[in-house]
Structures are given as C-alpha cells and as structure tokens.
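Undergrad: In case you want the letters, here they are:
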Amino acid sequence: MSQPVSFVTRADALLGSKEAAAVVKGIRHFTEARDRVAEEFPIMEELRDRARTIRLHSLRHLDRLLGHFADQVTALGGTVHFAADADEANRIVAEILHRSGSRLVVKSKSMVSEEIELNSHLEDLGVEVVETDLGEFIVQLAGDTPSHIIAPVLHLTRQDVAALFSEKLGVEYTDDPTELNEIARTHLREIFLRADAGISGVNMAIAETGSVVLVTNEGNGRLTTTAPRVHIALMGMERIVSRWQDAAVVLEVLARSATGQRLSVYTSVITGPRRPGDPDGPEETHVVVIDNGRSEILSGPTAEILACIRCGACLNVCPIFRTVGGHAYGTVYSGPIGSIVTPGLHGMEPWWELPYASTMCGACEEVCPIRIQIPSMLLHLRERAAAEGRLPGWLNRGMSRYARTTTDPQKWRRAKKWASRLSAPLASRGWLRRIPGPGRGWTQYRDLPRPASESFNEWWRTNRGS
Amino acid sequence: MEGQRVQLLVTCLVDALAPQVGRATLAVLENSGCRVDFPEGQTCCGQPAFNVGLTDQAREMAAHTLDVLDETEGPIVIPSGSCSQMIVHHYVELFEGTDRADQAERVAARTRELTQFLVDDLGAAPSASCDGCSVAYHYSCHGLRGLGLEAQADRLLEDIERVDLEGDKECCGFGGLFSVEMPAISAAIMDEKLNRVEASGADILVGGDVSCLMHLEGGLRRRGSKVVVRHIAELLAGDDK
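These protein sequence lines map, in sequence, to chains G and W.
Going from the first sequence to my numbering is simple: count from 1 and add 138.
For the second sequence, counting from 1, position 87 maps to 80 in my numbering; every step adds exactly one.
Rather than coming from a laboratory, the hints here were simulated on the basis of the structure.
Be a bit skeptical, because a hint or two may be false.
Stated by the list, open to error - Ranges of calculated distance between the beta carbons of each label pair, as one might list FRET restraints:
#1 R578/G x G231/W: 36 to 42 Å
#2 E33/W x P574/G: 27 to 33 Å
#3 E64/W x K549/G: 50 to 56 Å
#4 D173/G x R148/W: 40 to 46 Å
#5 E191/W x K156/G: 21 to 27 Å
#6 G231/W x G568/G: 46 to 52 Å
#7 S437/G x H82/W: 42 to 48 Å
#8 R28/W x Q383/G: 54 to 60 Å
#9 E154/W x T600/G: 33 to 39 Å
#10 E143/W x P315/G: 34 to 40 Å
#11 P530/G x S120/W: 26 to 32 Å
#12 H82/W x G154/G: 34 to 40 Å
All of these numbers come straight from a predicted model, not from anything done at the bench.
Beta carbons are placed, not taken as given, at the ideal position from N, Cα and C, and that holds for glycine.
Based on the provided sequences and hints, a complete structural model is requested.
TA: Here it is, written out as structure tokens:
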C-alpha cells in the first residue's frame, strides 16, 4: 500500500499529460449531468438532508445494525464473516473459494476489494479472477489501477481502449464505443457461464431484511451474483442502513450525484441464496464485512467520512482532482474523500500530505449528497499532521515567527518596512519576478506584488491618525 | 449627519501588498455615509496558520485580533470573504470551550464582508462604475461557499457591462499556502482560469478577495496579458484605472 513517491511528485508528473487531459474531458459529463438532474429534482436538497440523517444514524448504531443484518442473512441460509483487516478478509475469501472448489472467479466492481488487494492475493493462490465491470475489465487488461471511484478508466481515452483491446484480445482495431462494448461483452459472456464463483461489492446492506443492494449500469453485477454457484459479497463495515425505506432515500441521491442519472440502469437486491423453486441464483452466499481500519476512524474526529456512499461527486468538482486525476493520489480512494479515508485506513505515514492537496474551496461539501463536512475534516488531519511534527521546518519556524510578529503591532510595522526595503532592488514597477526562499514556488509561475513602500496602516496614521 | 460607525479591518495582504484596496474600501464606506475607524493594532487574522494546521499559532493571532476588535464598536467590515469567514466561522471553533468563547462569538456576530455590508446591511448600496470597460467577476470560494455571498456582488455590478466568465464559481487554485507548497498544481488550475478570463473578452477581472486576485494578476502579468485586475472596492470607489 505504501508509496515511496510523494503526492506532489506524482501529481506534477501528471500535469499536462494525456491522462490528465482525458480526466478533464471525461469529468465534464458527470458534473453537467449532476447539475442538470439536481436542478430538475426539487426535493433533492431535502433528500440530501434525509440521506445524511440516515447515514449518520447507521454509524451511531453500527454494532446493532450489523448484528441484525448478520442474523437475517443467516436465517436466509447465507453466511456472514467479519474480517478485522485485509489479510483476514483475503483469507476468508480464499477459504470459501477453496472449499467450494472454485478456480475461476468473476468479479463485479468492488472498491473494497481494491483496498484489500484481493485480486493479487487470489492470483497468487492460482485462482483466475476476471473483472467484469467494463472499466475494471479494461484496468485489469492494461495492468493498470482504477483512477476514479465510479469511473475506473476516466484517465483513458476511447482510442487507448481500442489499442488495448486489439493488442490483448486479438481483435481488429476499432474505436467505436458500441463495437468496443460488444467485444468486451462477447469475451465476458463465455467467462460468466464457466465461472465457479462471483465476487461483488456492496453499495448498501439492509439490516432489516439481510439484503445487499448493488448498483450498476452494465448488468454485470446481476450476472456475477446469479450465474455462478457461489456468491461472495464484500462490504466495508459502514455500508449499512436500517430499513428498506432508508435504502430508497440513499438510492435517490446516489445515482444523481454520481453520474447524473435518476437511477442507475440496474439496481439489484440480493436477499440470501437460491430458494427451492428458484430457477437460478447461487447455492451459497457469503457476505464478508471488513473493518480494516474503519473502527479506528469511527472513534476519531473524522468518523463522519464513513457516512460516504462512494458516489464520486466530490472528486468530479475538486479543482485538484480535475487537474491531475486520481492516480496522483497513489491509492484506491482518491480526491477529497480519499484524502480523508486513506490516512484513516492506512495511517498518516506516508499519507499525511493528502489532506494538503486541497485549496479548501469547499466545492466537495457543496455537492456531497450526505453533506459530509469534508473541508473541516481535511483541516482536522492537517492539524494532526502539524502536531505530529510532519510539516517542513521552514513552515513551522516561519509560521511561529509570523505569529510572533503579528501579535505585536510594532513588530508587524517593522516587518513590513523591512520587506518593502529588501524587495525594492528585486522589483520592477512594483512587481517581483523571482524571489528566493520557500516562496520561490510562487514566482516560478506568477509575479508577486512587492510589499508596498507605504502600508495601509502607515497611510492611515499619516493621513487620518489621531 | 451622524453616519453609522464601522470598524475597517483591511487584512494583512491589503495592508502590506495592496494598500490601494484599503483606501478604496475606506472611500466606499465613507461615500456611503459611514464613519470609519481603523483599529491600528490590527495585523493578520491567523488564517495562514489555521489552514496549514498550525492551530496554536493561529490561536495566538486570532486572540490578538479579537482583543483589537473587541474593544471597538459597530460592524467590522472586511474587504475579503476569506478573512471574514475565518472570523465568522473558525474563531468560534478555535476558542470553543475556552474563556475567549464569548469574545469570539461577539466579534463574529459583528463581522461583515464588504459587499455583504453594503448590500445587506446598508441597503443603499453604491453602484460600481467603469467607463467603457467590460468586467468579468470571479466569485472567491470562501465568500461564495463559506458565507453564501453571490447576489451582493451581482447587485453592486448591475450598472456595469458584465461578460460571462465560464466557471466563475470554480476555485482559481490559490488556496493560501497551497500556492507555494504545491505551486505547479496551483498554477495549472490558475492557467485554466486565466484561459477562461482571456476568452471572456473582459477588460477587467474583478473579485472580492485580494488573495485570489493577486494570484490571478500575478499569472496574467507573467503571460503578458492586457487584462487588468481590480478589487470590487476599487470599482465602487471609482478607481477603475
């Protein structure tokens, strides 16, 4: 999980790249559609309030809801497993596959499986794993990583995909989206029919009925969870609501915020394994509930981040994400939400710098369907990073000196005078083109106004002072 | 005529780098009939420290600012949405549960961003003027999303030729120390903004925060652009040249 290279290094390398250009182009579809659909839906704001209440309620009663959910699933004939960390989750999945003699596994999209790096774990054990979400399928084929929570290949162009398909699948080059889709479909259909087990994520679990809800646009989720003999659903432990009517409210805001759809094309509800008389469905169903650092987040100041429903809206409006794309973050969960989740799940080292990858513009909180207070949590994490002594020395020392100066008006006056005098020889018509020291990053890209020879304070005292 | 007494807080950036914006703010307030005081002990509100997580230093600066302001009377008017929301929202958080909590609440309740004060409180707002020029307005994030300010500037700019600026409510990439810590990303976001400013056909780019404006003006100068940058107070005071 740990990345030796810093966010800034990764981000700077992506600036102006083909990948960043693809992100800019792709993301516009999402934001425009989201704005349109929110506008035509007058009760959106009210539903956001309700969805927030529902999700926060779930977090407060997580133990009870998960217990109830597990009882319901068990009563239906399914099995619930609790995994404390990634290793345990991977082991549980591997054991289920081993016991059921499953060698070929199809997967629908699951971010938590990326988080625990399930695929590589299973492949090491000789299990063949095939991603069936089109985006994830492309990512897997390319040996790449997803760059966006809901749009894994936001960073690729249609032409990139065309080249990849023709190379890896041995088909004739075409960049027609319908044809590309058909190629993937044909390829995957045959695998679906042969697969022993299906692994899916969980958008929401419903405690009262022991159901899991899956939201997809391609129908691959439905095939993954019904065609093979075994279904394993992986869920972060926070992904639960009490009742059906709660799930309905969350679904109302989820697709609208994510893709600007009123509802995703498929909303699948899976309630237990195949029952007598059912024409299809898995013989075995398992739900793996994964902690992997969530309990720790839940007990701290960023607990609210667990209310996130993974719509990705905050990524789409974030000026940083839009400029550099998801790979800059070096981890599964990118953008504003990822900058809070990642240090929470995997520790401040080396992830403490992610909360600094923000201008604090607040666009994320403005679109978040759960109204999660993202900027204030970023500030919390910054405070923690600073308290742990992670900031560069110049910043620590400089800010302490600045605080000493600005808490003494005499010193502040003198400092302005000095700054003005020292900068005079460097300035041309009141502007500086290059300054030394930690501020050089500024003048690398823009001019800086020279400190005025007469500050406002001084002007006031000369002209208006008593 | 006995006008309303107001306290002018110019912000550290205006004080040190853009005193002309302070003088314009003063002129606008006086032209609107206010009696303006300038508490001379004012320095910096502490936002730079607060935003990087150096909370102790931020608290020291905030405490100083509170002491300076709390001994004055009347609305505290600030030509910056960002520093206003620092005082309005974050001071209260910084001193929650301390013996300064009441002081923070008192000062926050008196604090107004300039356009907010002119339009919402004074009602008799002046009109910006700018002969024969067209204006693009950038809504800075903290005023826009932090304080909900949008209509105020629109109202003040009613009599001016406004051009559409694509993405005028999106961040300019400044972000305080972000602009120095992650300068290339900050500049890339700025470049997108400046492309849009130049494409808008505006002669003047106007905003309500010197911080964002100084970043954008610095970028425009580096490009050799002809677009001029002004704080809205300068247009309201008639300093459009």
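Undergrad: Look at the Cβ atoms of P530/G and S120/W and judge whether their distance stays inside 26 to 32 Å.
TA: Violated, since P530/G and S120/W (Cβ atoms, about 47 Å apart) do not stay within the stated range.
Undergrad: CB of H82/W to CB of G154/G, is that within 34 to 40 Å?
TA: holds (36 Å)
Undergrad: Within 40 to 46 Å or not, the Cβ separation of D173/G and R148/W?
TA: Violated - the Cβ-Cβ distance for D173/G and R148/W, about 24 Å, lies outside 40 to 46 Å.
Undergrad: Quick check on a hinted range of 34 to 40 Å for E143/W and P315/G, using CB atoms only.
TA: holds (39 Å)
Undergrad: Assuming the hint says 36 to 42 Å, is it satisfied by the Cβ distance from R578/G to G231/W or not?
TA: Given a distance of about 37 Å, which is inside 36 to 42 Å, the answer is holds.
Undergrad: Can the suggested window of 27 to 33 Å be confirmed for the beta-carbon pair E33/W and P574/G?
TA: holds (32 Å)
Undergrad: Hint says 54 to 60 Å; check whether the CB-CB distance for R28/W and Q383/G agrees.
TA: With a Cβ separation near 58 Å, R28/W and Q383/G satisfy 54 to 60 Å, so the hint holds.
Undergrad: For the pair E191/W and K156/G, does the Cβ-Cβ distance stay inside 21 to 27 Å?
TA: 24 Å Cβ-Cβ, so the 21 to 27 Å window holds.
Undergrad: Kindly confirm whether 42 to 48 Å is satisfied by the beta carbon distance between S437/G and H82/W.
TA: At roughly 26 Å between Cβ atoms, H82/W and S437/G fall outside 42 to 48 Å, so the hint is violated.
Undergrad: State, for the Cβ atoms of E154/W and T600/G, whether the hinted interval 33 to 39 Å holds or is violated.
TA: Given a distance of about 37 Å, which is inside 33 to 39 Å, the answer is holds.
Undergrad: Confirm or reject the claim that G231/W and G568/G have a C-beta distance inside 46 to 52 Å.
TA: About 21 Å separates the Cβ atoms of G231/W and G568/G, which means 46 to 52 Å is violated.
Undergrad: Does the Cβ-Cβ separation between E64/W and K549/G fall within 50 to 56 Å?
TA: Cβ of E64/W to Cβ of K549/G: about 20 Å, so the range 50 to 56 Å is violated.
Violated hints, listed in ascending order, are 3, 4, 6, 7, 11; each of the other numbered hints is respected by the structure.
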